[in-house]
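Visitor: Using the sequences plus the hints, can you model the full thing?
First to last, the sequence lines map onto chains A and B. For the first sequence, position 141 (counting from the first letter as 1) is numbered 437 according to our numbering, and the numbering increases by one without interruption. For the second sequence, position 75 (counting from the first letter as 1) is numbered 78 according to our numbering, and the numbering increases by one without interruption.
Worth flagging that the hints you see were computed from the coordinates, not collected in a lab. What you are looking at is a predicted structure, and each value in this text was computed from that prediction instead of being measured. We treat Cβ as the ideally placed atom computed from N, Cα and C, and that holds for glycine. Check before you lean on any hint, since a few could be wrong.
What the hints assert, rightly or not - A few chain B residues facing chain A, derived, Cβ under 7 Å:
#1 S79
#2 V102
#3 P125
#4 T175
What the hints assert, rightly or not - Example chain A residues on the side facing chain B (calculated, C-beta under 7 Å, incomplete):
#5 H347
#6 Q350
#7 V439
#8 G441
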Amino acid sequence: MSALAVPTTTTEHTDRGPLDKHELAAVIARDIPAGAYVNLGIGQPTLVADHLPQGSGVVLHTENGMLNMGPAATGDDIDPDLTNAGKVPVTELPGAAYFHHADSFAMMRGGHLDVCVLGAYQVAASGDLANWHTGAPDAIPAVGGAMDLAIGAKDVLVMMTLFAKDGSSKLVPACTYPLTGVGCVSRVYTDFGVFAVGSSAEGDPGVVSVLETYGASVDELSARMDVELRPL
Amino acid sequence: MTTIHSDPLEAVAGIADGATVLVGGFGMAGMPVTLIDALIASGASDLTVVSNNAGNGDTGLAALLAAGRVRKVVCSFPRQADSYVFDGLYRSGDLELEVVPQGNLAERMRAAGAGIGAFFCPTGVGTPLAEGKETREIDGRTYVLEYPIKGDVALIGAEAGDAMGNLVYRKTARNFGPVMATAATTTIAEVRRVVAVGDLDPEAVVTPGIFVDRILDLSAAPADVADAESPTSQEVSA
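Guide: Structure (C-alpha cells):
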C-alpha cells in the first residue's frame, strides 16, 4: 500500500517556470515519508539524497548490497570496494549493513522496500513503466535492477522531464517503448508537474490525477498531452 | 575439502572449453581479476560467462572477452560507459547476449545452489524479457517461471579465507560472491589474504567452506602473474 501523502487540491505554480533537476529532486525528497527505506536509481534520482531533511530517518538501499548508504566519497574516502549501483564510490553511514545480491533483491520483491525513484523514457496513465530499452535495432539492451525495483518497491516514483526533446509528452496513454513493468508506477515527478497514475490516480482508469504543476496550468499541459489530466 | 593455492594457473586448472563460468563482481568491485587473467592464460575457450556486467575497461572480464574466449554472456547490465570491448563484439555478432533482470540473475543462481527446480517470480511480467515463459496466477498476482542458472565453475573475489574454505567479504565487493559460491560445481575464490583456521569469527563467516573448493591466496601469488601470462594468452587466442 502506498504511504505517500495525497494533497486535497491541485496547486498550480504558474508564477514561476518549470523545475530544474535540483528543484525536482527537492520536491521528491519532500514527499518521501520519514523513516522510509528508499532506493534511488542511477543518474538524476541520486540527486534526491541531497535534499532529504536532517533527521528524516530515511535509509538508502543500494541494490549492490548495502543499507544506510552515505553520500558520494571524495578524496581519501574513495574505496573501490564501496560503490553505489552506478559504480560511483560512496560512503557508509553508522548502522550500515552489507548483504549479498539475492538478499538485496529479496528486499525489493519481498515488499520490504518502501520507495524507489527511477528515471523513465515513458510512463503510461495505467502506471506502466518503460525505462530500460529504446527498442532501437542497434541499441544494446541493459536492464540492471530496473524490472525488480519496478515490481518490488511499494511506491515507484518516476523522475523525468515531462516532454521529450521533440516536444512529445513522456506521460502517455500507452507506452510505445518496451515495458519495464506493468501498472507499477505510483507517481510521476516532472519539471512541469507531479502526477498520480495507475491505481494511485483518482477516478477512471486511464485518467491521470494532477497533484501540482510548475510553470504551466493544468489546461496548458492538457493541450500538449494525449492523456486525460484531471485536477484533484 | 578446500585447497589453498598461490599459483593462479593451478587455481583455475581443469576449466574445460565450453564451460559455464559464473564470474563475481559488480563493475570492478569484487571482480576476481587474477583468476580471470589465469583463465585467459589457461586457454579455455567457447565459454558461457554469467556475470552482472560484461566487462569494464580492458581488464578482468573485458580482457577475457577481448581474448575471444567467450561465446555467450548472461548478464543484467552489459552497456556501460567503459564497456567498449563488449559493445564491439556484440555489434559485430561475435558474442551472444542473454539479458536477465539483476534480481533474477541472483535468484536463479541462488535456486541452483539451493536445489530448487524452478520458481515463480513477479519480475518482468508483461515485458519482453518474460516473452514465451510460462506464467501462473497466484493469489491474484501473475508470476513468471524462472529456471536455475548453474555454473560448472564460479570465480569470485573475497577479502579473506581460511583452509576450511570459509570466506568473508568487504563492503559492496560482496555482491554476487556468496550466491555464486553455492551455484557452481567448482567454486574458486581469490582472497586478499589467507588467515589461520580459527582466526575468522564463526559468527561473521559469510560463505561457509562447504561451498568453496579452491582458494587463491593473492598475498602469496606473484604480483606480475597477469603481465607475465598475457603474451601466452595472446598466442593462444591468435
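Visitor: Hold the hint about Q350/A up to the distance rule: shortest CB distance to chain B must be less than 7 Å.
Guide: 25 Å, violated
Visitor: Would the stated hint for H347/A survive a check requiring a Cβ distance to chain B of less than 7 Å?
Guide: 24 Å, violated
Visitor: Any CB of chain A closer than 7 Å to the CB of V102/B?
Guide: Where the cut-off is 7 Å and the nearest Cβ of chain A is about 5 Å from V102/B, the hint holds.
Visitor: Hint T175/B vs chain A: min CB-CB distance below 7 Å?
Guide: Since chain A brings a Cβ to about 5 Å from T175/B, closer than 7 Å, the hint holds.
Visitor: Interface hint check: G441/A, Cβ to nearest Cβ on chain B, cutoff 7 Å. Holds or violated?
Guide: 4 Å, holds
Visitor: Quick one, is the V439/A hint okay against chain B at 7 Å, beta carbons?
Guide: 5 Å, holds
Visitor: Hint validation: P125/B versus chain A, beta carbon distance must be below 7 Å. Holds or violated?
Guide: 5 Å, holds
Visitor: Can we keep the S79/B interface hint, with Cβ of chain A closer than 7 Å?
Guide: For S79/B, the interface hint holds, since the closest Cβ of chain A sits about 5 Å away, which is under 7 Å.
In the structure shown, a violation is registered for the earlier hints numbered 5, 6, in ascending order.
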